[in-house]
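Turn these sequences into a full structure, and let the hints steer you where they fit.
Chains as they are written, first to last, in numbering that gives the first Met the number 0: chain A, 0 to 286; chain B, 0 to 325; chain C, 0 to 314.
Bear in mind the hints are in silico, worked out from the structure with no lab data behind them. All figures in this text were calculated on a predicted structure; none of them were measured in a lab. Do not rely on the hints blindly, as some may be mistaken.
[As the list claims (entries may be wrong)] Non-contacting residues of chain C with respect to chain B, defined by C-beta distances greater than 10 Å in every case (computed): (1) LEU8; (2) LEU50; (3) PRO237.
[To be verified] Straight-line C-alpha distance at most 25 Å; calculated SDA-like pairs for lysine to any residue: (4) B:LYS122 / C:LEU231; (5) B:LYS122 / C:ALA223; (6) A:LYS169 / C:ARG227; (7) C:LYS95 / C:LEU231; (8) A:LYS169 / C:LEU244; (9) B:LYS202 / B:GLY213; (10) B:LYS122 / C:ARG227; (11) B:LYS202 / B:LYS238; (12) A:LYS169 / C:VAL198; (13) B:LYS67 / C:ARG222; (14) B:LYS122 / C:VAL286; (15) A:LYS185 / A:ALA109; (16) B:LYS122 / C:GLN224; (17) A:LYS169 / A:LEU200.
Even glycine gets a Cβ: it sits at the ideal position worked out from N, Cα and C.
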Amino acid sequence: MTTIAEPPAEVVRRIRLFRYPGLTVGGVIVTTVIGATLLSLVWTPYSPLAMNMRQRFRGPSLEHVFGTDQFGRDVLSLLMAGAQNSLTVGIVAVAIGLVVGTALGLFAAARRGWVDEAVMRVCDFLFAFPAVLSAVMLAAALGPGTGNAMLAIGLYNIPIFARIARGAAKGVWVREFIYAARTAGKGAIRISLEHVLPNILNIIVVQATISFATAILAEAALSYLGLGTQPPAPSWGRMLHESQVFLSRAPYLSIFPGLVIVLTVLGLNLLGDGMRDALDPRHAQGR
Amino acid sequence: MALLDVQNLFIRIGRPGSTIDVVRGISFSVGSGEIVGILGESGCGKSLTAFSVLGLLPQGLNAAGEIKFDGRDLLSLDERDLCTLRGNRIGMIFQEPATALNPVQTVGDQIAEPLRLHAGMGKREARAEALRLLERIRLPNPRGALDVYPHQMSGGQRQRVVIAMALACRPSLLIADEPTTALDTTVQRQILDLLLDLVDETKSGLLLITHDIGVMAEMTERVLVMYGGVIVESGPTEKIITDPAHPYTRALLRAVPQRALGSDTWLESIPGTVPAPSERLQGCLFRTRCSLAGPECEIQPALLPRGPDRVAACWRLPQIEASAPA
Amino acid sequence: MKLSLLHRLLSWAVTLLAVTAIVFLVLEILPGDPALVLLGPDAQPDTLAALRLQLGLDQPAYVRYGAWLAGMLHGDLGTSYTYGIPVTELIGSRLKVTIPLALLAMALAVGLALALGIFAASRHNRPGDYGVMAVTQIGVAIPSFWLGMLLILFFSLTLRWFSAGGFPGWEAGFLPAMRALLLPALALAVAQAAVLARVVRAALLDVLGEDFVRTARAKGLTRAQALRRHALRNALIPVVTVIGLQFAHLLAGTIVIENVFSLPGLGRLIFQSINQRDLMVIKNVVVFLAAIVITVNFIVDLFYLAIDPRLRHAS
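This is the structure we're talking about:
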């Protein structure tokens, strides 16, 4: 018989990190973005709102790493402050989708039959309204604003969470410990909350991460259209809208905000995919 | 020279740094018009042996040794040459007719495919030949079957289609992996009869893989009994049935009457289970379930001749022969 | 088959009706007074009253909803408040930009996705596969409007191969018009192609593990032939589903992209109508876009029947 010596723990850790490189890279990016956002609450290199007409259109330099805009504002400071807005919209929108969608999904899975059918029909229906379309409607009815953007993106996320929660919950409902809970006389709602929800939380968290990424993209698009964050609050999408006029004069004004969006979305997606792979290695092999 | 001649075949699951041998140095041959069976429980490596002949081992598995077909070593052929042999000179019949057929293609197209690929037939010619094949496998209403999808057929009919596909290019070697396991008993009968007739007609060699002693006894002329990736006994079917040598073969045969009495799980009558290859057990793998096992069984016994055309690998053979003939 | 077709047709009609109800609710009931929305908060009371009468707002909501639906059935969607021309005419002229744009983008996305997905699946767990997966991961993260700006920066402002926006109209000829749509379509297509390429790859890998692919290989088909002739069509079912869902995103994406490239399409129309508070246009265009989405999904359902004979013979 041959025995294989256990490799030292350090090596194991290194191998694991290497096995999920997306998780590591995504984690680092997301931590950096969140860190910069928190930092912007107390400190930015310059005031994101202070205009300085003498310092307009300065290209990237040591003084202004990402340059200055048409009002002489520091782009890095604007991006840091804009992150607050992007992350807030993302968190609220995902929270709306997560809470309502998961509740609907759990309900459908618990009740089955026509209730299940009805909930899924409603989800199909909601899918007919992409986030931008519902945002357009809400903006027309109630006027543009961050709140409507959050609501529109949240609505779009409801059917996504509902479907995922329903699918996962149905898998849990046929497990033995559910039968045990049912014979103990627990009701459907209590079982859903006490036994089903904890078992599908992994999947929900993964989806929340990925939905967060799409929410940031949607917020940027809405703000670009002027349907999201309103001036003077700094926002990545609106910075891009304002910079388009100066595309040939100051291309860096359009490049940096876009790169920040790409990086943030990429980080969140890598983190979400990486978590899914790490939580479910079988899934990872298939991919 | 034999049609198929396998020498010292190893099949490995290769993970960098550690490999596990699933099949460990087996040798056998199949002649033209001959029906040779490989008998064993699931997990003994018999299906992998079949796939290695076609060069279609699942990803991560590798074959080493020598597989000579018509004098050519298949293991040293490149993928392109293998493709010209598969479905052309070597036909394969699968276990599960429900999944072996493409659900979105008509039966006629699927049978015509190897004809167009290997025989260079045009669309109409291949269709006409497919019809002849469907007639030959005695499918009711063969003309109508051409344009039917697999899901519209019964299991037995599908298996006939799988056989027709394997036979399309008149291969000199047929490999059948548990061809009747997924079918009802009465349908099993018909498929086995069909196979026997076809082999008789075409004079191709047939390598039949099965765990069913009944099927083996009825169909094959020679049999290899596999256990844990090695051949433990081989010889003419009739002699092995009437006078098994290896304790494993004897246990299998003892289990047969119980099955006839209605018990499905006939293998349970041999205590224990097949050790997984990952356990890396040395010596005779059957010793964990063998009533005759002794200390010497921790060393792999060699296949030793036991009468004409027969070999068996067991340290206890002299003792078994001395006790009582089965 | 007839039964399932009827069932799907019915579900299509019901969904469409629900869309009109939601749009009516959000745009005519939720804001309180549509006349106030149209004229803005500074409107004079007598102008407001006159407009209310003109729009029939003195009638109860259900009558207005009914009248809207009835008009819809007759092809009468009312008159645009700002443009002063029938909304149907307005939509008709704008469609000539949006539909070709969306179709071109979809074609680009599907073509790119099939190429990348098949390439990745045929090189599963090898460098080519990892490369494609990394590229798609980045593709998903790029905002379409930013990509549009980069394309303008590179191809229009630097290389001067394309104009930076605008649309010459189909009167200018097919090629000049398509040329104006190429960059916007590409900007729209990249993210969708990235998503779809992953679906194509995953679906193919699923199917490649099936028994019938092994059967095909045993017939003597090479790996590539088995993939093309047997795996691809079976893998198409999840792919078509996603294409259907993506069409919704593409249409919504035109709202953004048409603004980046100043294209006179439906998306730009709806955006301008918001700024001009032209409710008549907004509600009809939203319904129209949603109707396209629902209809595309309905067509996708029919497509299944064409691809999968098992569904055709069921029920």
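Verification of the supplied hints:
1. For LEU8 (chain C), the condition that its CB be more than 10 Å from all CB atoms of chain B holds, with the nearest at approximately 25 Å.
2. In this structure LEU50 (chain C) is separated from chain B by more than 10 Å, as the shortest Cβ-Cβ distance comes to about 59 Å.
3. Non-interface call for PRO237 (chain C) relative to chain B: holds, since the shortest CB-CB distance, roughly 14 Å, exceeds 10 Å.
4. With a C-alpha separation of about 21 Å, the suggested pair LYS122 (chain B) and LEU231 (chain C) falls inside the 25 Å cut-off, and the hint holds.
5. Distance check on the hinted pair: LYS122 (chain B) and ALA223 (chain C) sit about 21 Å apart at the alpha-carbon level, within 25 Å; holds.
6. Between LYS169 (chain A) and ARG227 (chain C) the alpha-carbon distance is near 35 Å, which puts this suggested pair outside the 25 Å criterion.
7. Distance hint between LYS95 (chain C) and LEU231 (chain C) is unfulfilled; the C-alpha atoms sit about 33 Å from each other, more than 25 Å.
8. Distance hint between LYS169 (chain A) and LEU244 (chain C) is fulfilled; the C-alpha atoms sit about 24 Å from each other, no more than 25 Å.
9. Proximity of LYS202 (chain B) to GLY213 (chain B) is assessed by CA-CA distance (about 23 Å); at most 25 Å being required, the pair is judged to hold.
10. Restraint check: the Cα-Cα separation between LYS122 (chain B) and ARG227 (chain C) comes to about 18 Å, which is no more than 25 Å; the hinted pair holds.
11. For a cut-off of 25 Å, the pair hint linking LYS202 (chain B) to LYS238 (chain B) stands: about 24 Å separates their Cα positions.
12. Using a Cα cut-off of 25 Å, the hinted pair LYS169 (chain A) and VAL198 (chain C) holds, with the two alpha carbons roughly 24 Å apart.
13. The suggested pairing of LYS67 (chain B) with ARG222 (chain C) holds, with an alpha-carbon distance near 23 Å, which does not exceed 25 Å.
14. For a cut-off of 25 Å, the pair hint linking LYS122 (chain B) to VAL286 (chain C) is broken: about 49 Å separates their Cα positions.
15. Restraint check for LYS185 (chain A) and ALA109 (chain A): satisfied, since their Cα atoms lie roughly 12 Å apart, inside the 25 Å limit.
16. Restraint check: the Cα-Cα separation between LYS122 (chain B) and GLN224 (chain C) comes to about 18 Å, which is no more than 25 Å; the hinted pair holds.
17. Taking the CA atoms of LYS169 (chain A) and LEU200 (chain A), the gap is about 14 Å. The hint holds against a cut of 25 Å.
In summary, the numbered hints that this structure violates are 6, 7, 14.
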